[in-house]
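Trainee: Okay, here's what each chain looks like letter by letter:
2 protein chains.
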Amino acid sequence: MNLSDIVTPAALIDLPRMQHNIDRMQSQINSLGASFRPHVKTSKCIEVTQAQVAAGAQGITVSTLKEAEQFFAAGIFDITYAVGIVPTKLKQAHALIAKGCDLKILTDSVASATAISEYGAARGVSFKVLIEIDTDDHRSGIKPESQMLLDVAAALVTPGASIAGVLTHAGSSYDLNTPDALIAMAEQERALCVRAANRLREAGFSCETVSVGSTPTALSAISLDGVTEVRAGVYIFFDLVMHNVGVCTMDEIALSVLSTVIGHQEEKGWAIIDAGWMAMSRDRGTQKQTTDFGYGQVCRADGIPIHGFFVTGANQEHGIISSHTPQSSSISEMFPVGMQLRILPNHACATGAQFPQYQALDSAGDVLTWDRFYGW
Amino acid sequence: MNLSDIVTPAALIDLPRMQHNIDRMQSQINSLGASFRPHVKTSKCIEVTQAQVAAGAQGITVSTLKEAEQFFAAGIFDITYAVGIVPTKLKQAHALIAKGCDLKILTDSVASATAISEYGAARGVSFKVLIEIDTDDHRSGIKPESQMLLDVAAALVTPGASIAGVLTHAGSSYDLNTPDALIAMAEQERALCVRAANRLREAGFSCETVSVGSTPTALSAISLDGVTEVRAGVYIFFDLVMHNVGVCTMDEIALSVLSTVIGHQEEKGWAIIDAGWMAMSRDRGTQKQTTDFGYGQVCRADGIPIHGFFVTGANQEHGIISSHTPQSSSISEMFPVGMQLRILPNHACATGAQFPQYQALDSAGDVLTWDRFYGW
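Those sequence lines, one after another, are chains S and X. If you count by our numbering, then the first sequence holds residues 128 to 503, one letter each, in order. If you count by our numbering, then the second sequence holds residues 128 to 503, one letter each, in order.
Hints are supplied without guarantee of correctness; some may be wrong.
You can't tell identical chains apart in this list, so a pair holds if it fits in one copy or across any two.
Unchecked claim - Below, a list of computed lysine to aspartate or glutamate pairs in the EDC-like style, where the Cα atoms sit at most 20 Å apart:
| hint | residue 1 | residue 2 |
| --- | --- | --- |
| 1 | Lys270 | Glu394 |
| 2 | Lys193 | Asp498 |
| 3 | Lys193 | Asp229 |
| 4 | Lys415 | Asp302 |
Bear in mind the hints are in silico, worked out from the structure with no lab data behind them. None of the values given here were measured: they were computed from a predicted structure.
Let's have the full structure, built from the sequences with the hints guiding it.
Mentor: This is the structure we're talking about:
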């Protein structure tokens with residue numbers, strides 16, 4: 128199969144670009160002396176994850192227990208579930224551990240830590256638990272200097288649980304767009320997470336793992352002193368949000384939506400394509416950034432960007448392509464019915480999630496179909 | 128199974144509300160003397176669609192050929208594919224027709240009409256083709272008074288095709304929020320589509336079907352004179368966008384995301400839930416409306432709205448719940464870890480699409496699991 132055989136819309140992976148992204152991240156983390164645990168929530172695809180493992184990844188990070196189950200079934204044993212667990216999900220986590228999965232779970236409250244310990248003690252399992260640290264005020268986690276850090280740790284030293292370490296995610300790095308700010312955020316993420324680990328150790332608790340990461344901070348870090356592992360997800364494909372953050376070029380974006388022109392509104396300068404929000408997702412992550420790409424950057428079928436043309440509107444199965452600047456040719460001459468286009472997405476995690484499969488295009492122009500799963 | 132057994136996040140259908148919505152729409156269209164062809168892109172679920180057919184729907188509307196294939200396999204023969212077709216999809220359409228599906232396809236260009244005719248003639252199939260009419264300037268279609276209407280019609284009177292009728296969708300009704308404006312838009316949609324049909328007939332073309340519809344116009348129409356059928360989709364579940372448009376109450380919203388509280392940031396007044404944008408979708412359709420519900424309205428597990436609490440932030444698997452007004456209780460007292468909540472979505476079509484299954488809750492409190500498909 129090659130490009131022109133693909134039924135559109137389709138989630139197209141440019142394999143040489145993906146491999147470049149894998150190698151770039153793995154080299155960066157290797158050079159700083161930490162191990163790398165990719166977040167596979169971006170692809171939810173066995174073949175993509177196998178390429179990350181082949182390049183040197185040590186274990187994976189997941190955002191759902193379904194991901195843990197799917198990747199464990201595919202032969203990956205070392206898995207960190209990086210979303211705070213609730214008691215109702217412990218049964219599902221326990222089932223994985225009972226099958227031999229080396230699963231680490233996460234908490235940031237005494238209530239959850241106590242529930243984990245009680246569940247584990249009652250059923251004869253000892254959960255490996257990471258304590259979530261808040262290093263940038265953007266979401267979950269415990270402040271490194273808080274008493275709560277020690278309280279949660281104490282609630283985990285029981286027959287039903289043990290402290291595996293500390294974990295943080297500086298998600299506010301997505302809001303930055305200069306190298307200096309990114310370097311500073313990477314250092315803040317590192318320093319505060321290491322500080323939390325040291326406070327635990329000083330109080331007599333064990334803290335083997337010190338896990339940090341987000342794509343922007345992982346690529347910007349200058350030192351990882353005291354960090355044992357880094358996690359990152361979206362770097363595998365990159366996207367327009369990461370382009371605006373400044374950690375990738377347009378040519379490094381490895382995921383696009385292959386689409387076909389289905390019609391025009393000539394007077395408005397609109398071409399209509401068969402990729403609407405169901406294909407692109409509703410993610411408008413570039414809306415508040417320096418360059419707003421609408422629902423995506425329009426490229427030719429061979430991947431070359433068509434300057435100034437964006438998906439400026441989207442209904443469920445219709446995308447509207449237009450340009451903000453006047454054009455010398457008519458829209459139907461530029462984009463005839465049946466023409467294939469690649470659309471670079473705002474957010475690769477959201478766009479990939481709309482598709483049951485990826486179409487993986489290799490350097491010879493051949494296309495492989497790779498399954499992708501979803502749900503919980 | 129009942130509510131507390133459901134693994135969260137889950138797409139929950141309130142079945143009594145759904146049945147009320149089905150009956151409400153079917154009665155409205157019956158009373159105006161047209162037939163009703165629901166758009167099943169909202170649910171993509173066999174059981175939901177069977178309930179619409181049982182209430183009197185005549186045929187269905189689909190947004191992808193995958194929907195056509197799935198519903199045809201489930202025993203529904205009369206299907207309109209309401210997205211302009213491109214030549215590369217004719218093979219897939221032909222395969223359905225060859226199996227006995229009464230499939231209608233759509234075009235709004237001479238280029239596509241010619242390609243349809245040529246494909247049909249070459250392979251001995253006559254496609255039933257609807258001509259898409261633009262009645263509100265919002266997306267695709269041909270203006271009723273244009274010469275192009277007659278040119279497209281002429282390109283369809285061939286051995287490979289026939290004119291099935293005209294079809295329009297006044298999607299700009301979503302931007303309105305007063306009964307008068309909605310009534311006027313419904314009348315505009317009707318009058319312009321009927322005008323296009325009459326122009327075709329006056330020019331000697333046949334035009335049996337006159338198909339109009341959107342949820343807001345379908346519920347607001349006072350006359351359907353000259354219209355043969357109405358299409359609508361999101362009414363089956365409704366959502367917060369439709370609530371803001373003014374065509375449903377909060378109590379008529381039949382789809383919600385069942386979620387669980389996983390943590391807090393006490394000082395910020397945040398409760399964190401396990402429904403992020405992967406569950407809610409990235410749809411922020413209420414952002415530009417009179418009431419912005421963030422990523423959704425928070426309700427108790429029994430469905431009663433908790434006034435003033437919205438999902439104000441969303442990461443992939445984390446939702447942040449907060450209120451714009453000060454509260455007398457602490458957030459962790461109001462929303463303890465493990466508490467189940469229902470979140471009403473901005474846009475039911477987008478939220479449903481994030482889930483492989485629906486959990487359908489009946490009036491007795493029992494839960495059935497219904498499959499949902501996706502992709503193209």
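Trainee: Take the hints in turn and mark each one as holding or not.
Mentor: Verification of the supplied hints:
1. Lys270 x Glu394: between (57 Å within a copy, 12 Å between copies)
2. Lys193 x Asp498: both (15 Å within a copy, 17 Å between copies)
3. Lys193 x Asp229: Answer is within: at 15 Å inside a copy they meet the 20 Å cutoff, but 39 Å across does not.
4. Lys415 x Asp302: within (9 Å within a copy, 22 Å between copies)
When each numbered hint is compared with the structure, no violation occurs for any of them.
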